[in-house]
Each structure stands twice: as structure tokens, then as C-alpha cells.
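In the order they appear, the protein sequences are chains A and B.
If you count the first sequence from 1, position 118 lands on 119 in my numbering, and the numbers rise without skipping.
If you count the second sequence from 1, position 143 lands on 153 in my numbering, and the numbers rise without skipping.
Keep in mind that a hint or two might mislead.
To be verified - Distance ranges between label pairs, derived from CB positions: (1) B/R133 - A/L129: 52 to 58 Å; (2) A/L122 - B/N221: 46 to 52 Å; (3) A/T118 - B/S185: 32 to 38 Å; (4) B/N49 - A/T118: 35 to 41 Å; (5) B/V197 - A/L129: 33 to 39 Å.
Since the hints were made in silico from the structure, they are not lab data.
No residue lacks a Cβ here, since even glycine has one placed at the ideal position from N, Cα and C.
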Amino acid sequence: MAWVTWRQHRLQAYAGAALLAALAVAALVTELPIRAAYHSDPLSACLPPSTRTGCDLIVAHFRGEFTARLDALRYLIVLPALVGLLVGAPLVAREYERGTHRLAWSQGVTRGRWLLTKTALLTAATALAGLALAGLATWWRQPFDNLDGRISPRAFDVEGIVVPAYAVAALAFGVLAGVALRRTLPAMSLAVGLFFAARLGVEKLLRPHYLAPAHRTVAGIGPTAPTRDWVLSNSLVDAAGRTISTAREDAAIVHAQHAGIDPQSYLATLGWHRAVTFQPAGRFWTFQAIEAGIFLVLAAAAVLLALRLVRRAPA
Amino acid sequence: MMSPLATEELGKRFRRGWALRECTLTVPEQAIVGLAGPNGAGKSTLLELAVGMLAATEGSLSVLGRDPRRDPAALADVGYVPQGAPLYRSFSVAETLELARRTNARWDRELAHELLASLDSSRRVSALSAGERARLSLALAFGKRPALLLLDEPFAQLDPLAGRDFLRLLMDGVSETGSTVVIASHVVADIERVCDHIVLLSEGRVRLEGNVEELLASHLLLTGARRPLGTIRGVEEIVRERHSGRQSTLLVRTRGGVVDPTWSVDGIELEELLLAYMAPERLPRPVAPEPGRLRWHG
């Protein structure tokens, strides 16, 4: 079966390797100026994150200079979905479409083993590619991670062990969709839908609560200093800890303006301050392990379901 | 010995209705079985049940003594050429054979190559003619040295010449492996030269089953003057009656021949016999022309 899998998927393997190579070249080219700026004297004097006056400006300049590249890197989150789309969905659906499942499943290998072997081999390849991609992104983002930490979604989504887990889950969703729908195009749509539903659902609903978030109050009411943590909420509260709506804050500022006092100090005299809820930067690997675990469990469930369907289904 | 393929009250229902019902048959060992019947008679369904692609709705089925759904290992001894002889179009001939070698515990490379004979193994499947594809499919199936070989409409895409080549190849393979063969085909002429056993399906039911020679010996065509039909000596059953003018032609089943000098007795060809059993039970009797309504034309 290994030979069969390789023969049927070698083009995809070559394409995947070529894509990774192209990404590596692009990463190298775009990273060089970032590293040069990062190691420039003004910035390195401000590292590790320093509170010296002016450093916030220098860091902001550095970040601002490379905003476009940082935004481009975000698109890496769609790559795992492509695996489900292009490798997973056609795996069984195309056999059904072309009638070749009758050929494949009437040989000496039972269809359950046929599906399991192919899925296992492709999962291994997918995981390797995912690790390579994550390694590349981690290397590329290293200067920014030193400044901003890695636990907020921008870094978390493209680094570490969640990337191969996402890709493996996408593959499994694709296989399941192909088995269930038996048509390549509808299976592709379903696979992508499932993947992004799982991905968004987990990121927005579950990830903030993997561990109970930490809280911190910041004296002063201005925008808080940059942090390496993942800030979940940052709101103005009164002395009793009740959240103050923006409308109320605005009204207070207008009041201060009319009275001719500095709004900042006026709000401070009211006893108002900022309450920050956040996940500490140090929890990165714990969170990675939890999230990777969730997606691997989803992937395993999808494969088991696909296996059940294939064994039972009339062909 | 176990029958290579036996069914007992086998039935399969799809959403649109029963494709096969109350099918009971036993395929004798080393027989070449023609599975005949019009399109939609349930031939493919029966074969797909036999290779475990489908699960039976009712009844039971045994392939080489085992249930192919419960015990997929039974399929190691079953060769199957599905309808349309599907192959991977991007594979070369050699790769297709390699696929079979890698996915079958028993693989007779010599035999497969021998059956492919002159076919260039570096050619792509997509570049092969329908006849060559059929031959490759057959070589794949024979390479397993199957005890039972199931062919689903193998002639559908073949011209008569390729069809004859295919049959020759089939017989060559059978002489090597001693396989029992079931050939499903809706064209009786394609299979009558090789079958020694017939199973006729129509509308999902078995209409006729038996050894070809015995079937031909036990069916006779009687021709004689039209008359009310009583019992005819030696006739067990009138399968089909046709009346034209003053003459009647009867297809009858008999044991030991018909002794009635008022009928002239002829043998029947297999194709006609099968067509008679395929058709509705009794053809409607022609209605006598109504008197007084004759008109001159021209």
C-alpha cells in the first residue's frame, strides 16, 4: 500500500515540497531587512523590553516598518486548509467518481485497511510539512516574538505544534467529507467549511479558557504599555471594580474639558483605573499542547467515522 | 466441495426498489456461468453483493463458503472485473500490474504477463484502446489466480473482434487457473459460445437456471395447426405460446421428448430460449379481428 499511496500522491508531495521551498526563499528574502533593523544599535539597546523613555517609540518604529510583512504572514493560516481541500477530499471521492474504488477495493487489501494505510501515510507527510512550515514561521517571527511574545493569535496560529495538528485535522475532515459525499467538489466545500468552523470555534470560544486567565490592574487610564501576554480584555473600571462604558468615560472627559482640567488626571482622581485580563506569555507551550490535542482528537474522530462509513457503505 | 457462489433467498433493496429478490442459486465448481438478463435485471447487483461492495437486504450469500461482508479475506480468492473495467488512467501498464502485485497476497506475475502478451508495459492506461484496457483488467483479475472470477458486462465497450479476443484470453486464463467464471452480459450472443451454465435474471428474480445442454435438451419448439390447447403428451409446461393465423408455435419444457404427430418438433437456440423466459410470462393472445369492419385499402 505504501507504494500505491506514493504513486497516487507523488505529484502532491512534489507540489508540497516546492511550495515549502518557495516559502523558505520568500521568508529568507523578507527576513534579511528585519534582522538588520532588529540588530541595529537603537533597538538592541532597548532589548530586552525596556521601559527607558523613547524605547517605546523605537520599538513602534520597528514594528511599523514591517507591518505589511507581518500582515502577509497571517495568510499562512489558510495553508493547512489546503491540505484538506487538495489531498483529503479527493482521496476517496475521486475513486468513487471514476469508479476505481471497485478496482481498489476488490484487490487483496480490505477497504478499511486501504483507507487507514493511505490516511496514516498522508497524515505523517502532512504533519512533517506542517512542522516545517511552523519552523519557518517561528524563525521568521523571532524578532517580533521577542518583543510581543508568542501567545497572542498572530504568533500562536502559525507557530509551534498546532500547525501540523491543524493540517492533520484538515486532511481528516477532507477524507471524511469525501467518504460521505463521494463527489470531489462538494467534499472540498464541506471539508473547508468543517475546518474553518472548528478552527474559529476553538480559537474564539475555547482557547481563551484553556486555563483561567490572569488579572492585573494598571494604575492610570491611558493606553497600556505593550506586553508579551495575550490580552483578552482591557477595560476601564471604577474604584469598586465596575466596568465603565465608553459613553460614560466620554461624558467624564467632556466634563473635564468644560472645567478646564486635564482629563487624564481628572479620571484618575475619580479612582478609575484599567483592569486587564490576559493569558501570560509563559503558558505558550501548555496552550499549544492543549490546542494541538483538540485538533488531533477531532482528526482521529473524523478518520474513525470515515472508516466506519467506508466499511459499511455500499459502493 | 463448497460451491464457489451460492445464494439463498438473496434480496437487495435500494431506495428506488428491489434490485434483486428471492434469488436462490448454486454455481457449480469450475463452471463458466452466463449471467444473462436485460438491463436492470439485477446482474451487477448480484456480482456486487458477491464481492462485498453491497450488503444484502435479506437472505444469504456465500462466496467460496464464506460471507464476503463478514469475512473480507474471502475476496483474496475472487477476481472481479467491474463494469466499464475501471483502471487508474494515469498509471502505466507496468504500474497497474505493480498495484495488483502490492495489494494482493498471491500474485502470479508470469500469468499476468503471459495474458498481456504484446501489450507494451510502458504505455499509459489512458492511451490504451477499450480492448487493451479490457485485457489489462482481465490480466489483473487472473493474476490473483482466483478460484472465482466475476466479470460484469465485459463486452459492453468492445467491438466484436475485441470481444472475441477477450473470450479467447478468458479461456486461456481459465485453462491456467481452473477458475469458476461468472460472466454477466445482456447480450446472449456474447456469452453463449463459452457458457456451460446459465442463470437468467429478469426484474430482480431468477427466471431460469441450469446447465446449458440440459436446458436445450429439455426445451422444444412445437409448430402445428392452431387449436384449443389441451394437454400434450410429454409436455410439462408451455413456456410461451404464439399464434398466427391458423398456426401455433409453442415453446415447451419437456422430459424425454414429445410424442404427438400433430406437432412438428424442433430444437431451440439458447438465445431464443432466454428471450422467451425474459419476456412477460404469457404474451397476450391476438384478438380476433372484429367482423364487419374490414375495409379496402388502395
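Task: Non-conforming hints, listed in increasing numerical order - done: 1, 5
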